[in-house]
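Listed below are the residues making up each chain.
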Amino acid sequence: MTAGRTKISVRGLSVAYGRIQALKGLSVDILENEILTIIGPSNSGKTSFLRCLNRMIDLDLQARVKGSVTLDEIDIRRGVSPEDLRKRVGMIFAMPIPLPLSIRDNVAYGPRMSGLRDKAALGRIVEESLRAAYLWDEVKDRLGHPALKLSGGQQQRLCIARTLALDPEVILFDEPTSGLDPISTAKVEEAALELRKTRTIVLVTNNTKQAARVGTRTAFFLMGDMVELGPTETIFTAPRDQRTEDYVVGRFG
Amino acid sequence: MRNEAFKQKLGFGVLLLATLVVVIPVLAIVLLVLVKGWGALSWTFLFTMPQDGMRAGGIFPAIIGTFYLVIVSIAFSLPVGVMAAIYLSEYARDNALTRTINLAIINLAGVSSVVYGLFGLSLFVVFLKFGVSIIAGSLTLGIMTLPVIITTTREALRAVPHSYREVSRSLGASRWQTVRHTVLPRALPGILTGAILSVGRVAGETAPILFTVAAFYLPKLPTSLSDQAMALPYHLYVITTQIPGIPEGFRYGTALVLIGLVLVMNVAASVLRSRYRKRR
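In order, the protein sequences belong to chains A and B. Just so we're aligned, residue 1 is where the first sequence starts under our numbering, counting upward by one. Just so we're aligned, residue 1 is where the second sequence starts under our numbering, counting upward by one.
The shape of chain A in the complex, shown without the other chains:
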């Protein structure tokens, strides 16, 4: 549980959609090899925060972003192209969205887009990624089948494999288990915990128990502000702020 060096540094980050302020000047350091879990009610800015870290927020033309984010001390708006940034900072969405391709082609999509053509290398990446997402054994005999035929839980693990295929240093999970049953949820969490050994993870969740189970540190967001950030255990046993306590014990109105 030793905290590594700073991987991502966020300073004064604000996001506004028109007149609505979604994030209000937030600063936080995300450490290497930690799982930072972010909890908070809906509309607290969790997802906007996450989408700033890999510039997916740029796809939303309404969003206005201020402040700075650095990855390994490089400004992500100046020092790196959005495409390269997203290869280094992968993202898992709330709903599993397999592309309408085969299982194999879904996993190989990212590497192919970065120009990898070698079949043997792609095959290796597909197998390694599916193994790391705990999906290999279930699909190894039908890699050519449409990914849309998989169950919801399998689809989400496929999406994790697809992100892993790019070998990202940071993985952003945006409520990855909101649509999954408990067993599938456990498998996704297991994968996240395993990935933490070599990567940095930021996990946004509506499920406070999940945040407690997998988090190294936990942040509590409320209406665009970060109310509290601390070791997960502290947040759940002895939070400093009354609002955090109300939320984690479920007394939030």
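Wrong hints could be hidden among the right ones.
[What the hints assert, rightly or not] Cβ-to-Cβ under 7 Å is the rule here; a few derived chain B residues that face chain A:
(1) S163
(2) V167
(3) S170
(4) L171
(5) G172
(6) A173
(7) S174
(8) Q177
Source of the hints: derived by calculation from the structure; they are not laboratory data. The beta carbon of each residue, even a glycine, is placed where N, CA and C say it ideally should be.
Fit chain B to the known structure of chain A by using the hints.
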């Protein structure tokens, strides 16, 4: 309750009636043309030159002419229309310019076909000095079909879920890679539908080719794009109204060939489309 059931039956009855009103004319046209034209079909009719002031012989040059017009005009309008639609749907922001372009496209679709003919005459035939030729006629027809192709392509692109674009971009794909590898393959069946609709329109239109390509009587095959050509719809008009003493079978035979040609192309494109859908 009973009253509701009756109302329901009445409602369905009216809807069914409306559907029949659509279907009956189609069936009637096809039947009429088939019955009256079938007898005229023969090897000579389909594959020889017209003779005796078009009162005898065949309609081969008109078939070939229409075929050329379809191929050349689609070869022009499909790529241009698809590229424009991609730009409008995937790249252009919603601003005054895009809105103006959209308005122009809608208006282009509403222009009457004879005006296209006049436009083609002044731009391609006279100003660009293409003369009355297949290329002038095809470009005129192509411009006429652009709105159809742009609109259907754009609808097809819009039908691709936004989340696919998000996923593709999140995996480090550029905007163009996303269009090329994720959006376009999904939209292709819809784009083909637009192309099919245009083929039917190009093959059947008379007014746009009137001043730009159509030859009244030209008993030889075109050898280049700058040649004039006969075309089925114009030929049908000519033998129906301009020349006395044409056997009735010739008219309906020509109409049958025109309908058949469009039908064959539609079926071919539909097969292509369903094959493509199945493959994925």
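Holds or violated: is there a CB of chain A closer than 7 Å to the CB of A173 (chain B)? A173 (chain B) check passes; min Cβ-Cβ to chain A is 4 Å, inside 7 Å.
Tell me if V167 (chain B) is really an interface residue toward chain A, meaning its C-beta lies closer than 7 Å to one of theirs. Status holds, d = 5 Å.
Supplied contact hint for L171 (chain B), tested at 7 Å Cβ to chain A: holds (4 Å)
Would the stated hint for S170 (chain B) survive a check requiring a Cβ distance to chain A of less than 7 Å? holds (5 Å)
May I ask you to test the interface hint for G172 (chain B) with respect to chain A, counting a Cβ-Cβ separation under 7 Å as satisfied? holds (4 Å)
Under 7 Å is the threshold here; is the Cβ of S163 (chain B) close enough to any Cβ of chain A for the hint to stand? holds (5 Å)
Does the closest beta carbon of chain A sit nearer than 7 Å to the beta carbon of S174 (chain B)? holds (6 Å)
Agreement of hint Q177 (chain B) with chain A interface, Cβ distance less than 7 Å: holds (5 Å)
Of the numbered hints stated above, none is contradicted by the structure.
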